[in-house]
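Enquirer: Letter by letter, the chains look like this.
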Amino acid sequence: MKNPILEAKGISKSFGNIKALDDVDFFLEKGIIHGLLGENGAGKSSLMNILSGIYLPEKGTLTINGKLIKRLNPDLASSYGIGMVHQEFRLIDSFSIKDNLTLSKSNIYQNDFNEAFSKYSDIFALNLNSMTPVSELSVGEKQKVEIMKLIFNNSSIMLLDEPTAVLTPQETVQLKVSLETLSQEDEKTIVLITHKLKEIKDFTETIYVMKNGKMVAKDLDTKTVSDTQLIELMMGEVKTSKFDKNNFKGETKLEAVDISFTNEQNIKTLQNVSLEIKSGEVLGVAGVSGNGQVELANIICGIIKDFEGRVIVKTKDVTGKGVKSRKKLNLSYIPENRLGVGLAPGVSVLDNSAIKEYFQASFGPHLSKNVLLNSLNDLINKFSIKAPDVKAEISTLSGGNMQKLLMGRELISNPDVIIAAQPTRGLDVSAVDSIHNLIIDQRDKGSAILLISEDLDELFKLSDRLIVMYEGKVVIEIETELATVENIGLAMAGINE
Amino acid sequence: MIDIQFLGLINATLQAATLLFIAALGELIAEKSGVLNLGVEGMISIGAVSGFITAINTENLFLSILVGIVSASLFSSIHAFVTVVLKQDQTVSGLILTILGLSLSSLIGKKYVGKKLNTKLEGVFDIENPSNIIEIILGQNIIFYIAIILMIVTAFVLKRTMFGRRIEAVGEDLKSADSMGLKIGKTQFIATCVGGAFAGLSGVYLTLSYVPYWTDGMTSGRGWIALALVIFGGWKPYRTAFGALLFGFLEALGPRLQTYGFEMSPYIVKITPYVITILVLIVLTIIKNGNTGAPKNIGIPFFRENR
Amino acid sequence: MNKFILSKKLYRNELATFYSFLIGFLIAIIVGSIILLIQSKNPFDVFSLMLKLSIGSVNSLSNSLNKAIPLILAGLGIAIINSVKLWNIGAEGQIFFGAIALNFVYINTSIENSYLYIFLLLASGFIGGSVCILLPALSKVLFGVNEIITTLLTNYIVFGLTIYLINGVWKDPNSLNFPAAAYVSESVYLPTVFGKLSSGFLICILFTLIAYYIKDKSVFGYEMRIAGGSALTAIYAGISAKQKAFIAMLIGGGFAGLAGAIELLSQTHRVSTGISQGFGYTAIIVAAITGMRPLGIFLVGSLFGALAIGGSVIQTIGVSSYISEIIQATTLFGALIAQFFFSYEIKRVEDD
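So the protein lines, in turn, are chains A, B and C.
This note's numbering applies: residue 1 is where the first sequence begins, and numbers increase by one.
This note's numbering applies: residue 1 is where the second sequence begins, and numbers increase by one.
This note's numbering applies: residue 1 is where the third sequence begins, and numbers increase by one.
Here chain A stands alone, though its shape is the one from the complex (with noise of 0.2 angstroms):
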């Protein structure tokens, strides 16, 4: 590379005892847009918040337009010009759009904001009021919200993590158009990490991988590199398994009729949604999140109760019972949020792994430890969990062993019904692929699956039957075997044919 605007170096970074990033190399030139690739895991995220100055480094030197980095932390780099967009949207939700764009003290459009906030609201094709709470714009409003903040505090180096994943493919489009303009008129020097072949090749000029917490391919020129080679750099070699669809379906499991759901904000997030899931079968749920998902899992699940419709699980009508009743009747959630709704943080692994039937635990009040003990070293053989310390918090695991922990304590009773949501979210490729055996075992064994997850690969992969929900509401059932990546894609943006 010529002359590289940033250059970090032997970059390492551990968390406790997981090496996120170890002897980093990475390199950024000037005005064009720049690719990371990695699965999950990988340490993308580390690495942009190191450059970020969220997360101070081990080891390794930072150089920013030929001068070396003595101090780092979140202003500082600001004040170098680097901004970075998370994954989880950093805008204070009760303040207004204006606020979130001037509250940093490198923003540059103090006096004349009225201005620059058209302007780049005509880029961005914003059409907003900037004294709008930031609470009331949707995921892919807020996320140009992002974007223009990096631009209003006058950040040359724009770090976007995963910029695409609350994206429609059609709003995804549009975010490609803006960042060229940005790159190209502004001279912006942008980096866009995701974990998706197609966007990396479309959006950028030079791509880097990581696997491992390792730089396992710097500078690759994006027009002549090939999918095979990128796949291998950022998979290693893993076999992922085909699954056979030959599975035998057998009678009904779960039914949903005519589910109509009004949250606490008054917004109607579910509305006339029915489905049906047999024994043997694997119902995928495909949509951008908060299309009503969450809503339809906690509903069919007991968590929420004051609903419209009817739940059937096994033939027993469960609608207006709790989660206790869909227990007995061998049900298991696997939530999207794996830490703060199934498993409890600051609670030990121990307790954690007992929340779905410690019950059978008890004699009267007491609650025998050695029982929670057998049954835990029981889960953690079965799955092949590393938990160093059952007594330790259970954020001492690992977000594999995490999950893993979670599908055991939920899988191991063999339930009839399973909802997963999200299942491998966050998780490295064995993990995934260890994740996705163990689904298709329960399938095989006869568990009638709702699987709901934004990862269309793992859908079309799973699933027997696909459905799409958009703002709410079912847009398309459909075979998998008749879907296609294009017409699931549209009707995630609400498009039909």
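Wrong hints could be hidden among the right ones.
Dumping the calculated SDA-like pairs for lysine to any residue here, alpha-carbon to alpha-carbon at most 20 angstroms [what the hints assert, rightly or not]:
hint, chain 1, residue 1, chain 2, residue 2
1, C, K85, B, I300
2, B, K186, C, L6
3, A, K391, C, M292
4, A, K391, C, S343
5, C, K85, A, P345
6, A, K391, C, I235
7, C, K3, B, V85
8, C, K242, B, N291
9, C, K3, A, T61
10, B, K175, A, V139
In short, the hints are calculated from the structure, not lab data.
Since the structure of chain A is provided, determine the placement of chains B and C on it from the hints.
Expert: What follows is chains B and C alone, placed relative to chain A:
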């Protein structure tokens, strides 16, 4: 011609409200930055005793006010250090600040119990025998006016200035504020100490004007009522001031009930403000359906690398 | 880049709480010494006198342990309530209310068998404590009203009520200067077991074990841990967090109420303002400093009881009894500072 009794009630209301309001406003600022400080009672007590001792020894009221403010602010920096720098639990630290403040001020003030001040904060305008409400207001002392100025300035700064928006941003969303380059630690530390300074001023008002003597436990729960006032006011300065007037009125009304023809044990009258505070809090929380308007990230220790 | 970085330790030392307490106590002794030096007292003399008069003889030791009873019981109550991550700042009021409830039952009933009667009176103290926290508990679980403020304000209400009662309907005409209710009959005094040590201490040991069992060994304790860890996980698991919180608060309040009952039957023998001398507040320190562990509360409570006795006796040589309160509070501050170093580490970054 307004009834003298009534004027006395108004006067007492204003005084009680001033005391409660200044402390509440200070707590409001700290809480806006995300720091819950349950040590208000202790900080008022420290401000009260240090101001009183200075006044007895120097007879310089200006200096006494200053000493009261500075010592309470320094005292509150213990809480700031433990919770902001060392990221420890805000509830525990604040409670202990109250306990430590009360015992420390009792220890320091032991020799001064029962002593009487020769000087006392006088009204800004020299009004003898006020005959209407305007004259009652004009007859208040300097701290009353400072309280009004503080209210206006605080409301303005928080809502209208970048500086205030940044304080609020920190208390609303630590991670976002941090990634915007705002200094979380510095903001919270300073806000906590400002809260302490306000509580100190309230304490000085207590011993130099409200009841010009010092005795153990004389704050008698006002710090806690101030904390309740912040909730009552929905973290808004003007509404907090309204709440302070309301609670001040109740406090002032108690001992006067008899003169208005109500037969009530003075002991029961004494506890009415506390009973009403609880009831008001309950009613308010029900009306607002649990959403009291608290800063979203209040009470959460901030560590940037937390994932 | 930055020379030093701060990082969170994945595993905390299992004894971190204990070491923090020791460090905190050391810091507190140093601070106490400085205050004594400022008052031109010799800290060594003062502390050795405190030691001698608090644990130096059977009598003084039993005084100290008697003093520890309300600290331990109220502390246990606070710890049980904290299992669901709620705070009980109202133990002081609950102690008084336990004594008031006891006296109410005592006045209105009469039982021949004094053991049975004592049992009934202790039970009414426990229930009194629960009643005292009822309003904060209900308003918390039904409407989400901040329990810190409501439990604290109840302290002032109950204290006012106590003064009202002992100056009014319950006033003992024989107590002239110091208003108080009439004494209870000697037949319901809690017997002493060893020196001056009240049998209340045995009750205290029993309740320490009960609290330990509830928190660590019972289904209810497990459900409280999950509910305290994450409200959403509790909902997901079908555990009613509100129900657990409500029951925990009633039990915790009861523990403090029982402390008041024991204090009345073994120390004051009547309702007066002397039922508690800030035990409910000190109990918060005791509970927080041990990380809400029942056995730790028992030990630290005993130590703080001795400290309180030591503090009250040094008044005779002209040292303020507030010294012991300051030492108690500073111990917790010192422990918090030490906790930081057990939870975080400061790493020096190697130079390249």
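Enquirer: Indicate, hint by hint, whether the structure satisfies it.
Expert: Each hint, compared with the structure:
1. K85/C to I300/B: Distance of about 14 angstroms is within 20 angstroms: holds.
2. K186/B to L6/C: Measuring from Cα to Cα gives roughly 17 angstroms; hence the hint holds.
3. K391/A to M292/C: Given pair K391/A, M292/C holds - Cα atoms ~17 angstroms apart, limit 20 angstroms.
4. K391/A to S343/C: holds (17 angstroms)
5. K85/C to P345/A: holds (13 angstroms)
6. K391/A to I235/C: With Cα atoms ~23 angstroms apart, K391/A and I235/C exceed 20 angstroms; violated.
7. K3/C to V85/B: holds (18 angstroms)
8. K242/C to N291/B: holds (18 angstroms)
9. K3/C to T61/A: Status holds; Cα separation ~12 angstroms.
10. K175/B to V139/A: holds (18 angstroms)
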